[in-house]
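Participant: One-letter residues, chain by chain:
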Amino acid sequence: DIQMTQSPASLSASLEEIVTITCQASQDIGNWLSWYQQKPGKSPQLLIYGATSLADGVPSRFSGSRSGTQYSLKISRLQVEDIGIYYCLQAYSAPFTFGSGTKLEIK
Amino acid sequence: EVQLVESGEGLVQPGSSMKLSCVASGFTFSNYGMNWIRQAPKKGLEWIALIYYDSSSKYYADSVKGRFTISRDNSKNTLYLEMNSLRSEDTAMYYCAKRSYRGFDYWGQGVMVTVSS
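Chains as they are written, first to last, in our numbering: chain A, 1 to 107; chain B, 1 to 117.
Quick caveat, the hints were computed from the structure, so don't treat them as lab data.
There may be inaccurate statements among the hints.
[As the list claims (entries may be wrong)] Which bits of chain B does chain A cover? Going by a derived footprint, with three or more residues having C-beta under 8 Å, they are:
no., stretch
1, 41 to 53
2, 72 to 84
3, 96 to 105
4, 108 to 116
Quick caveat, the model's predicted, so the values are computed rather than measured.
Ideal Cβ positions, reconstructed from N, Cα and C, are used throughout, including at glycine.
Okay, chain A solo, but in the shape it has when bound (with noise of 0.2 Å):
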């Protein structure tokens, strides 16, 4: 099974502020990432797929990137509506594997 290490597990930082977070893949998975936000009490919400496409209605200032297996999702100017916990998905190979999560808190 594919394994996904997501870093840091939590992360505070200042409006404005430029946000990474990593995941890194067990093995080769192309593409077949995506990453998603959730707010507390909601459903998650879909954010970049296919490593560095950005989904519909998601704001430019969040981009993803890909280097060999190693997925980042940044956030170039962190605003208030961005704390949440945010999740990497591996949807090459079933199963499916999230990251551990990331929880972003304002500073």
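Here the structure of chain A is known, so what remains is to put chain B in place on it, guided by the hints.
Facilitator: Only chain B this time, still in chain A's reference frame:
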């Protein structure tokens, strides 16, 4: 507008069974694979099952394999999760999610399953 609405929430005893449903609307249900994902209280997301658009293939997480069954009825635009031999560790919010080339692009609101004596 795409909508996924789960039902079947409840409290059950360990060892018992339960069936969840997810009714889809706003897209051609029969064209897409569907998933179940769960989230234990204060924990992360756990993918648990996938069914192809035509039910030709089904996949499960090891944690539920042999106890849970995913199925679908394309004539009713409905996804199901039959859960048997429930354990306390199955206590979680259960979400259905539509799968596309974009990932899991739509999620239901979730239903809470509590397994306790």
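Participant: Each hint: holds or not?
Facilitator: Here is how each hint holds up against the structure:
Note: the stretch 41 to 53 of chain B has 5 residues with beta-carbon separation from chain A under 8 Å; the three-residue rule is met and the coverage holds. With 0 residues carrying a beta carbon less than 8 Å from a beta carbon of chain A, the stretch 72 to 84 of chain B misses the three-residue requirement, and the given coverage is violated. With 6 residues carrying a beta carbon less than 8 Å from a beta carbon of chain A, the stretch 96 to 105 of chain B meets the three-residue requirement, and the given coverage holds. Remark: the stretch 108 to 116 of chain B is confirmed as covered by chain A, as 3 of its residues place a Cβ nearer than 8 Å to a Cβ of that chain, reaching the required three.
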